[in-house]
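Hints in hand, dock the two standalone chains.
Keeping their order, the protein sequence lines are chains A and B. If you want our numbering, it's the 1-based position in the first sequence plus 84. If you want our numbering, it's the 1-based position in the second sequence plus 2.
Don't read these hints as lab results, they were simulated from the structure. No incorrect hints appear here.
BS3-like, lysine-lysine: derived pairs with alpha carbons at most 25 Å apart:
id, chain 1, residue 1, chain 2, residue 2
1, B, K360, A, K463
2, A, K463, A, K486
3, B, K168, A, K113
4, A, K492, B, K275
5, A, K517, A, K486
6, B, K367, A, K468
7, A, K463, A, K484
8, B, K363, A, K451
9, B, K238, A, K657
10, A, K652, B, K232
11, A, K492, B, K360
12, B, K363, A, K463
13, B, K359, A, K492
14, A, K486, B, K360
15, A, K463, B, K367
16, A, K486, B, K367
17, A, K129, A, K325
18, A, K425, A, K348
19, A, K512, A, K657
20, B, K479, B, K469
21, B, K359, A, K463
22, B, K479, B, K445
23, A, K579, A, K517
24, A, K468, A, K224
25, A, K486, B, K359
26, A, K348, A, K325
27, A, K379, A, K425
Label-pair ranges, simulated between beta-carbon atoms:
id, chain 1, residue 1, chain 2, residue 2, range
28, B, W395, A, K451, 32 to 42 Å
29, A, Q629, B, L178, 53 to 63 Å
30, A, R534, B, L247, 43 to 53 Å
31, A, P327, B, V267, 33 to 43 Å
32, A, Q462, B, L178, 51 to 61 Å
33, A, P465, B, N439, 23 to 33 Å
34, A, N541, B, T442, 31 to 41 Å
35, B, I489, A, Q485, 52 to 62 Å
36, A, P347, B, S327, 28 to 38 Å
37, B, N439, A, P134, 57 to 67 Å
38, B, D387, A, D435, 25 to 35 Å
Quick reminder that beta carbons are idealized off the backbone N, C-alpha and C, glycines included.
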Amino acid sequence: MAAHLSSGRVNLTALREAGRRELREFLDKCAGSKEHEVEKMFTLKPGRLPQADVKNIIFFVRPKLELMDIITDNVLREDRGRSPQRDFHILFVPRRSLLCEQWLKEQGVLGSFIHREQYSLDLIPFDGDLLSMESESAFKECYLESDQTSLYHAAKGLMTLQALYGTIPQIFGKGECARHVANMMIRMKREFPGSQNSIFPVFDTLLLLDRNVDLLTPLATQLTYEGLIDEIYGIQNTYVKLPPEKFAPKKQGEGGKDLPTEPKKLQLNSAEELYAEIRDKNFNAVGSVLSKKAKIISAAFEERHHAKTVGEIKQFVSQLPHMQAARSSLANHTSIAELIKDITTSEDFFDNLTVEQEFMSGIDTDKVNNYIEDCIAQKHPLIKILRLVCLQSVCNSGLKQKVLDHYKREILQTYGYEHVLTLNNLEKAGLLKPQTSGRNNYPTIRKTLRLWMDDVNEQNPNDISYVYSGYAPLSVRLAQLLARPGWRSIEEVLKMLPGPHFEERQQLPTGLQKKRQHGENRVTLVFFLGGVTYAEIAALRFLSQMEDGGTEYVIATTKLINGTSWIKSLMEKLEPAPF
Amino acid sequence: MSRARADEEEYWHSSKFRAFTFDDEDDELSQLKESKRAVNSLRDIVDDDDDDLERVSWSGEPVGSISWSIKETASSSTSSLESRDSSLQKGSSSYAAFPKQVSSYSLSSLFKGRNRLPSFQSLSDALSDTGVKNYAPELRRPKAEYKDYSSDWSPKDTVRRMQRGKICSLERFRSLQDKLVLLDEAVAGHDGNVITAVLIFLKRTLRREILFRELEVRQVALCHLIHFLKETGEQKLLLDLLRFLDRTEEVALSQYREHLNIQDVEKRREFLKGCIGLPFSAEDTSHIQDHYTLLERQIIIEANDRHLEMAGQSEIFRKYPRKASILNMPLVTTLFYSCFYHYTEAEGTFSSPTNLKKTFKIPDKQYVLTALAARAKLRAWDDVDALFTTKNWLGYTKKKAPIGFHRVVEILQRNNAPVQVLQEYVRLVEDVETRLNLATKYKCHDVVIETYRDLKDRIQLTAYKCKVERGSAEEEKINSVLNNTQIRWKN
Chain A
85 MAAHLSSGRV NLTALREAGR RELREFLDKC AGSKEHEVEK MFTLKPGRLP
135 QADVKNIIFF VRPKLELMDI ITDNVLREDR GRSPQRDFHI LFVPRRSLLC
185 EQWLKEQGVL GSFIHREQYS LDLIPFDGDL LSMESESAFK ECYLESDQTS
235 LYHAAKGLMT LQALYGTIPQ IFGKGECARH VANMMIRMKR EFPGSQNSIF
285 PVFDTLLLLD RNVDLLTPLA TQLTYEGLID EIYGIQNTYV KLPPEKFAPK
335 KQGEGGKDLP TEPKKLQLNS AEELYAEIRD KNFNAVGSVL SKKAKIISAA
385 FEERHHAKTV GEIKQFVSQL PHMQAARSSL ANHTSIAELI KDITTSEDFF
435 DNLTVEQEFM SGIDTDKVNN YIEDCIAQKH PLIKILRLVC LQSVCNSGLK
485 QKVLDHYKRE ILQTYGYEHV LTLNNLEKAG LLKPQTSGRN NYPTIRKTLR
535 LWMDDVNEQN PNDISYVYSG YAPLSVRLAQ LLARPGWRSI EEVLKMLPGP
585 HFEERQQLPT GLQKKRQHGE NRVTLVFFLG GVTYAEIAAL RFLSQMEDGG
635 TEYVIATTKL INGTSWIKSL MEKLEPAPF
Chain B
3 MSRARADEEE YWHSSKFRAF TFDDEDDELS QLKESKRAVN SLRDIVDDDD
53 DDLERVSWSG EPVGSISWSI KETASSSTSS LESRDSSLQK GSSSYAAFPK
103 QVSSYSLSSL FKGRNRLPSF QSLSDALSDT GVKNYAPELR RPKAEYKDYS
153 SDWSPKDTVR RMQRGKICSL ERFRSLQDKL VLLDEAVAGH DGNVITAVLI
203 FLKRTLRREI LFRELEVRQV ALCHLIHFLK ETGEQKLLLD LLRFLDRTEE
253 VALSQYREHL NIQDVEKRRE FLKGCIGLPF SAEDTSHIQD HYTLLERQII
303 IEANDRHLEM AGQSEIFRKY PRKASILNMP LVTTLFYSCF YHYTEAEGTF
353 SSPTNLKKTF KIPDKQYVLT ALAARAKLRA WDDVDALFTT KNWLGYTKKK
403 APIGFHRVVE ILQRNNAPVQ VLQEYVRLVE DVETRLNLAT KYKCHDVVIE
453 TYRDLKDRIQ LTAYKCKVER GSAEEEKINS VLNNTQIRWK N
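Isolated chain B (complex conformation) (with noise of 0.2 Å):
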């Protein structure tokens, strides 16, 4: 506490912040907690500064932003930095003279994890590595930058030229805690770029045990570590470093993850086996064994049908010749194909619609919507009305849809089936106005007349005669309706 209260004389007298002034016009009592509440405010970000001494070296780019507004407001402070960025530019002329073992080009080397070589040698490195000719920006560093490599940045100023994109040293980081202090400090800033330099340094220096364990306690540098890992694809460290931390559904669903890389379906097939007894919350699980199963499956059926297909011996592959293989579709897809090449098979083969119903639970709405479909595709009306027909146990037929027959209507419509097979399903729609919107909507008149003469409505009736073709069989049966006098009408 006394700490941050020194913290806070000394922000008040080493920066430009006015804390309040007697002379303002202003309400000074409002100011005043102003004020308060604004170092109240300061305080936990002042609190993890460990030295005091650091305040002034963020000078030349305040924020590594667009520079010339900054330095018109702030030309006062154009520090020793910026001069030799300035010199930077101007010659090239003393490139050459620089010596290759000093090359502090170490932030780069220092992401080899796995070089052998000192990383000092990152000039040669970066030789033999390129095989190119033009190596010239290794030469090229700027005099202020090797200079860094001696010069003994703390971990802060080491934090703060990083974020400015300036190149660094870390190498004289050597103690862990050290290292710690480092890491924290480049949490402190926010910049993700430099976390994640920082735990790439950290990760080739560190046992992977320590590591791990430090992570854990620093949440967003562990966050940081993960994204990387996933970023660069290093996989096996990423599920060591997720089973250390005990995520383990995270460890199961990022293994999944990686069956989308295999292009083989055999293979594929093979890891999704291997993913099955990972664990994944329990409702994923099923989904796991099911998209397993489905692939097996669909590996399957593929290697038959080719093979029926180039055999040119089945009608209905000869007839309407297969687009795509089925491999890796879903499972609908997969159902639909069957109920369009398979529809007749027996429920003990793999390619069997019902097989597939049962096997992956297939809700009865979801396939009676895709058997339709597909039946309807074909144009095969006796499947279509086979797949509403029920009997009850005294032999009596009775028409159901799961799905309720104004969508059968609309999916029928769509398949282009002719007007006989349509008005029969309109015909099964129960609520009145959408049977009669459905009917008039794809002229099916027969179903209109009846309708309307259930509803002993005659207007409606009598204006519906002119939509009818003139003398036609439907103009014919209005006029019977209207003329029958037993109907009592309710207008």
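In isolation and in its complexed conformation, chain A is listed as follows (with noise of 0.2 Å):
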């Protein structure tokens, strides 16, 4: 069932048994039983209750405030006489919310929950390597209105993870953020002294990051297969909607009619081999590994014209449920190539790429570009212009005053002129900005850290700027400099990056201290705080294949973000809500 959480360095099942156990004990309580037989699940949203014969009711939920006013719909319309009578709960994830309380009280139906719990479930285990607290609002949170919330649960998560994998005896990091999770931790492990575990450490390390050190890398356009899947569709929660025609099942004689109009939904982790595979390659790499896996399967399947005797025929029927796995993963991910091809052959994808290369390799990054002007003028979608502003932005540590206010205009007068929030938003942010100091320190940035490489191998990759066919993640260039040579030779570029860098020891009683075998890798927990790509965990899953890299990554993060999905976040909500 989660097998893929225990494939890698780090048995992250642990962690996932921890939550489930802590579940059971709620539902323990609301039920007064052992049995916590779960009749359905539904999704929340206002009106009346769905029909479901059952004693409990669970609302689980994020502690927001807007959430609030449809469990107080939900819980209003409750038909009183009906018999018997539910009993409301209500679960806050990850933390009750005294605010949320208040509201509920204030609309009269704070008293309807008997129970009233939280269910500290802070990092959320999404695979082998990868966890994620899926807060999508804690960049904005961060760094628009300073509000320090979501860096408590990091801290939190951090603090359960030590308890299940020992004291992290190292910290690094760089940001403000950076700085107050590892203060955090150190004060709530002073403060608790029985969080000084006898558990033999798994991590060596723990490198800290912020947002906006690299604002730059999720603004760019991903392109490894897993980072197109989510630049074009959107994963969710490891799933993804893809449109259903690529998918119509092929038999002869039905062709044309009953074609499927439900979005196909498929999930994507490494618990499926292919996936698990290609998913970190170059888009550009993909299809030829695609196309061997059919000439493998084909051939195998092949083999049952060689099989004589029984016995053969025996063991090839033993393997067909497993070559028909593979058969129908190698055509859902056929088709899935397909659908990106399309998009990533058109033009525009090709000018918008050239144009984003060009700025990240330094070019032209001082005057009004000609594509974002044309996109402006052909109303492309105002996320993708945004994008390619802050990039130019962020490329030339902010624009000339000229430049951004001829952008601003232009969208303003295109888009609404209530956009003018959003781009205030963003100027908060440190995304779109004037160039005050005058100076542009990207360039230096970009030569010292070697942000841009022209001699890139996408199929054959040697380098973590395979992910972006050209640029280098300025993030998970600082964790391969930390691990090697270290980040005393790169002082002068830190300082150019907002906020402290900075290091910390957790001592470990000497029994726990590791002596490391000849040849034995080092793990490193990444922790990167506002958001992280795929293509970033791409960059640093091929760090920790490396053979002579010597450090292996498991990277958490406050969410899992795009560009485009993290800018939505940063921009104004321009509809009233619902209620």
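So this is what it looks like as structure tokens:
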């Protein structure tokens, strides 16, 4: 069921089990028995609750005011006359919120809940090497609203991890938020002596990175297979919904009719052998793998002609389920690759990418860009425009005032003046700003960290820059340089990037200190505060797999993001809430 | 400094942290350095601890997190708090016995800003509030929590308990000094939930000027209050606060944001008018002014056009009924609309394109693009032609396009312009390669032929022959060019 969680260097099933157990405890409390058969699960939406012959209804929610309004509506519409009456409970994830409870009280429904508790699910295991808090507003809260609650949760999540996997002896960090999280961890540890546990440490190093140290990377279009799936269709909690046309069952005789209209929903994680192999490849290298696989599978099916004896046939049949699974997996990914190829071969995709790459390699970042102007004139989606303009701004350490004003004016005239609010948010987050210092630091940063590589090998990569076909994600470069030769070598550049950089040690009892075997890899947990992209994950996995790398990475984040979802989270909500 | 030193001492003694031991096999010196560094890094955290007696109380669930794992590793530190927790789960026998007025639900009652009832009556409060018979939870306050009420938690413990989602009474913190200590303690804990709860308490119990003054020197708390006020829509207090802080631009933006909640256009227009004088940054000021002017314009146009459409007299509205109202649309959309329905109007009317262009200082490029798209959609090729025709003072006409003719061609093509129209503009594309590409792509044979002829490229022209229909006029033209002895072919 969850084999993919134990496939990595660190067995994350333990974390999952811990989470399950806590949930069961709550269910026990509500049901008052050891049986907790969940009858039905519903998505939270306003209106009357669906019919279900149950005793207990549990609201499983994030502590957000708009959700409280929906719950209020649900509770108020509940039929009082029905018998037996249904009991309501509320379980906040990951924290109970006094504000939310007060809100419920003001609506007059707080008293309707028998149990109000919290489910401290801070870090959710997504894959064998990937954990996410799935807190989409974390970046906005930290950098726009200076609300550090999500950092508090991050610190708590890290304490839980340490309780399960041992104290992490070394902590490195870069950025204000990273500094906060490290401080909180140290404080929590000090205030709770019991957290000094006797588990042999699994992680050697924790690297805390602020997203605003590297604002550039998420703005660029990801070019790995998984990254492109996310860019184009959006991966939600490891699931993706795809247009159904390409997935129509191809059976002779019934072509044409009964085309499915529901989107095709697929789960994407390393439990699927083929996906694990291709997810992190540059998209240009995926086609050849798929065709190779196709040959292997058809050869395997051909084997049946050679099976002569009963024994051989039996053996063939026993392999059939596995072969069929492999075949359907191959069919799915061939279809997805076709869908993506339609887009990546389009003229607009190419033009867009060209401009991105020009900016990232430092060409013409200081004047109004023709392509961006054209896109505005043709009313391309606003988020696309904002991504490009922000990218240009970041690659130029801010835009010249005249250029910035020009873009702003065009955007407001074409998309509506109310977006002045969004532009202000982007400015506050440092994504779009006037060049104040009169100095462009980006070229120095680019050169020192070797962020732009001209000779990129997409098929057999030798550097992380393959994930963006030339651009090496800054965040991952920092992780790479930390492992070897250490940050001391890039002291100057670190000072140009925002926020402090630091190192902390957490003492271990003598018995738990690691004696490294020769050739044994170190394990580093990289925590991206404010979000991480699939391409960055791919780059870290690439480093993990390097033969002489010496370090394996586990990745944690507040949220899996891409440029679009990220910019969206910073945009002002323009539609009033439905209530 | 000396206090910090004392803290250090106590830190090593009270915790299970090991500093370093001399029988370590590892390099002692580096160990020493490490511990030194760890201590130094701790100092700033230690520093903000005002009383040193509080160390032990962080028991139970250390981070309020997945409890069992902690329990497993820390079973030794099970405390009375934890056993209380389990008693909570066991029975409900004693619940009903609690007297009403001691309900400990004081935290929730302190949220009630405008509540005139004394907070002690939170139970009856809840009753009257809900009007729902299921008020069990208010009654079922577990013993220990109710006990909190009388026990004397320090600010630090109060904050810690709240961090674990426990209910605490804040009413005891009466003096300003106490309240501020509580707030600082909450801020030091970084838990926004708790900070907000304390802020709500302060907001209710402190005079506004004092609250503002104290928050001014507590930036983190201040950010939380601002966020909270935005979230709960307490616009007036928010604006007062921002004004107090002299954050005028934020005041302006925050006030402007309100217009999004106003559905009625007349009211929205009035509201925007009021925004014009607000202290925006220089460039935002002009945008807000434009926003107001645009909506004002749209209201006039909308009223007029709805009337025209209903009357059924105007041909354009009969032929192309409006799909949506123009209200609240962006400027460029409005310009398109006006180029579509009101193209020929004199500059004096509000709905004329030239008037819009002038009022909003729309750049030439933008204007031409929009007008072109609108007129092409109506297949008004003469208008398109006029758009690019300029006369010089001698009366000669000349074709000029501020956006480049290749863009013109693309827009026309998207609107299914016939080849005769299209090729006229393809011919005007200056760059030869682009011209050839476009001409080939859109089958403007004449342009291709003429271009190859001008390039004296016999090979390409010969090759192109197979792309035109046999026996067509184009083929004939190619042949006549190829046979022209006057041309000196380059190949």
